[in-house]
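Trainee: Sequence:
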Amino acid sequence: MAARAVISIFMLCLFASSVIAEDPYVYYTWNASYGTISPLGAPKQAILINNQFPGPEINCTSNNNIVVNVFNNLDEPLLFTWHGIQLRKNSWQDGTPGTMCPIQPGTNFTYKFQVKDQIGSYFYYPSLGLQRTAGGVGGLRVFSRLLIPVPYPDPEAEHWFLIGDFYRKSHKALRETLDNGGSLGMPDGVLINGQTSKLFFNDNKPQFTMKPGKTYKLRICNIGSKDSLNLRIQGHPMTLVETEGSHTVQNIYESLDVHVGQCFTVLITADQDPRDYLVIASTRFAPYYVEGKAIINYEGSKKGASLFLPFAPITWFWSRNQFRSFRWNLTASAARPNPQGSYHYGQINITRTIKLANSYSMDGGKLRYTINGVSHVDAETPLKLAEYYGVGDKVFKYNIISDNPDDGLMSKVNVAPNVLTATYRDFIEIIFQNPTMSVQSYNLDGYSFFLVGMETGKWSPEKRESYNLLDAVSRHTVQVFPNSWSAVLLTFDNAGMWNLRSENAENRYLGQQMYISVLSPEKSLRDEYNLPLTQQVCGILKDMPVPEPVYH
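All letters in the sequence shown, in the order written, are residues -21 to -1, 1 to 531 by mature numbering (1 follows the signal peptide of the UniProt record, and there is no 0).
No lab work stands behind these hints, which were simulated from the structure alone. Check the hints yourself; a few may be wrong.
[Stated by the list, open to error] With a cut-off of at most 30 angstroms between alpha-carbon atoms, the simulated DSSO-like pairs for lysine-lysine come out as follows:
id	residue 1	residue 2
1	LYS177	LYS196
2	LYS345	LYS151
3	LYS272	LYS193
4	LYS282	LYS177
5	LYS151	LYS177
6	LYS521	LYS151
7	LYS177	LYS281
8	LYS190	LYS281
9	LYS521	LYS376
10	LYS391	LYS151
11	LYS502	LYS521
12	LYS282	LYS196
13	LYS521	LYS373
14	LYS196	LYS184
15	LYS196	LYS95
16	LYS502	LYS373
17	LYS95	LYS502
18	LYS196	LYS91
19	LYS190	LYS272
20	LYS282	LYS184
21	LYS376	LYS345
22	LYS345	LYS437
23	LYS177	LYS190
24	LYS196	LYS281
25	LYS281	LYS193
26	LYS177	LYS148
27	LYS373	LYS345
28	LYS148	LYS345
29	LYS91	LYS502
30	LYS442	LYS391
31	LYS391	LYS345
32	LYS91	LYS521
33	LYS391	LYS376
34	LYS184	LYS272
35	LYS184	LYS281
36	LYS373	LYS391
37	LYS373	LYS91
38	LYS272	LYS148
39	LYS437	LYS391
40	LYS177	LYS272
Turn these sequences into a full structure, and let the hints steer you where they fit.
Mentor: As structure tokens, then:
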């Protein structure tokens, strides 16, 4: 009996220690610097991280704490943002100029955030100016915890396909072009993992080698600046298993349209004739055709790839229909041990409808892009910091846009910081209305939303009858087709200041972005963290005393 009692006490101690133990930490040190790359033959100044292009992968597991110490060896300020990572209660680490002071040249800053209750394929990138066009981009993968089953067998291996359009000009030259009223124009190429293969050359190195009969996981993200891309693999259909943090119904696709900022995870099986096979990523919905190629090969084979290349689809209607085939896997667990389908979003009453219409206009002879008639400009003082210090009224005004704007092309533009307030925990409907002839892509930091509808024409309340209220995929990036609308539903349950932005670099740089301020009325640490002691201050806050903690 005594021995049994000792064992019981020992087990209770182990249980108690496991309950109070903090989630594991993963540490990275990054040196951001300039370097020369030549993926298209001509040299270009790129932003490298630890001398790598693309940058090093962040490899972690759900609920890990991530610590990234960034040394800025550039000649200009720098910030990194974590595309798709929700940063619960912690917009302080979001890495956008509305929430953080830039890391100045010759200095360093340490990010600390948690990938709370998330799994999937994501990426990071530098958020200031047009730095993303120069590099500094890398994959961020979040594995499921071992106790949470994944709805497919473990693959033999997994690989990134970071795809994106590419400009030979430096980001500074591109920025000057936009500042002088020009446009980015046609990209010079499309890269896959920072390179592109030439079909008739024998010195191409394969992205990876496959063993016959084995299945491989591919993490695909469009990290580009402008163009939607179609990705396809010679002779190898792709089984979609996850997108932007959600397990999906496992449909099979010959090709995938990947809009700017979007990520997909697929499985392919090496069940074809042993030889080389081409991976092709090509532009979509543009008045030009640009493509990039990569090679995958079978182990031991020296047989080259076939010259018969798979074609990309043609119309955007095809892409919309593909979107409609994406469904949430309601039988799979997510990052926590409960079924994803237990969240019945279609049965929650909508408390507010916000319509966001993109447009463009000329201001002082220069092109500006807008949301609801406002073209956002970053203030010298980050909006979140100004709000916390109680001096927000000296930096910006809340709610200068309407929830229900005229969604046509506007002739006037208001150039100012664009900040919308939202009530904490309200269930919101957001309508993205696109009256232009180009495809739009939007990302909302801090959240995932349910993309429930997408149609041509103007949105009206009657369109809700067409919504998918059962198994729409929860995601963080939404495309909006020409002269069309897309509708998303979400709960504003993550307090903070969150950036909603166009993923088109030109549009974003010239004002097509905004911030949403979600404040906790209870001022509770349960809802939002206080200002970190290590947070940098700038602008009008430089000489101001740090306020007492707001949240308790």
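Trainee: Does each hint fit the structure? Answer for all of them.
Mentor: Results for each hint:
| no. | hint | in the structure |
| --- | --- | --- |
| 1 | LYS177 / LYS196 | holds (24 angstroms) |
| 2 | LYS345 / LYS151 | holds (18 angstroms) |
| 3 | LYS272 / LYS193 | holds (23 angstroms) |
| 4 | LYS282 / LYS177 | holds (16 angstroms) |
| 5 | LYS151 / LYS177 | holds (28 angstroms) |
| 6 | LYS521 / LYS151 | holds (28 angstroms) |
| 7 | LYS177 / LYS281 | holds (17 angstroms) |
| 8 | LYS190 / LYS281 | holds (14 angstroms) |
| 9 | LYS521 / LYS376 | holds (21 angstroms) |
| 10 | LYS391 / LYS151 | holds (28 angstroms) |
| 11 | LYS502 / LYS521 | holds (25 angstroms) |
| 12 | LYS282 / LYS196 | holds (23 angstroms) |
| 13 | LYS521 / LYS373 | holds (14 angstroms) |
| 14 | LYS196 / LYS184 | holds (20 angstroms) |
| 15 | LYS196 / LYS95 | holds (23 angstroms) |
| 16 | LYS502 / LYS373 | holds (22 angstroms) |
| 17 | LYS95 / LYS502 | holds (21 angstroms) |
| 18 | LYS196 / LYS91 | holds (29 angstroms) |
| 19 | LYS190 / LYS272 | holds (21 angstroms) |
| 20 | LYS282 / LYS184 | holds (14 angstroms) |
| 21 | LYS376 / LYS345 | holds (24 angstroms) |
| 22 | LYS345 / LYS437 | holds (28 angstroms) |
| 23 | LYS177 / LYS190 | holds (24 angstroms) |
| 24 | LYS196 / LYS281 | holds (23 angstroms) |
| 25 | LYS281 / LYS193 | holds (19 angstroms) |
| 26 | LYS177 / LYS148 | holds (21 angstroms) |
| 27 | LYS373 / LYS345 | holds (27 angstroms) |
| 28 | LYS148 / LYS345 | holds (21 angstroms) |
| 29 | LYS91 / LYS502 | holds (22 angstroms) |
| 30 | LYS442 / LYS391 | holds (29 angstroms) |
| 31 | LYS391 / LYS345 | holds (12 angstroms) |
| 32 | LYS91 / LYS521 | holds (23 angstroms) |
| 33 | LYS391 / LYS376 | holds (19 angstroms) |
| 34 | LYS184 / LYS272 | holds (11 angstroms) |
| 35 | LYS184 / LYS281 | holds (12 angstroms) |
| 36 | LYS373 / LYS391 | holds (25 angstroms) |
| 37 | LYS373 / LYS91 | holds (29 angstroms) |
| 38 | LYS272 / LYS148 | holds (21 angstroms) |
| 39 | LYS437 / LYS391 | holds (21 angstroms) |
| 40 | LYS177 / LYS272 | holds (7 angstroms) |
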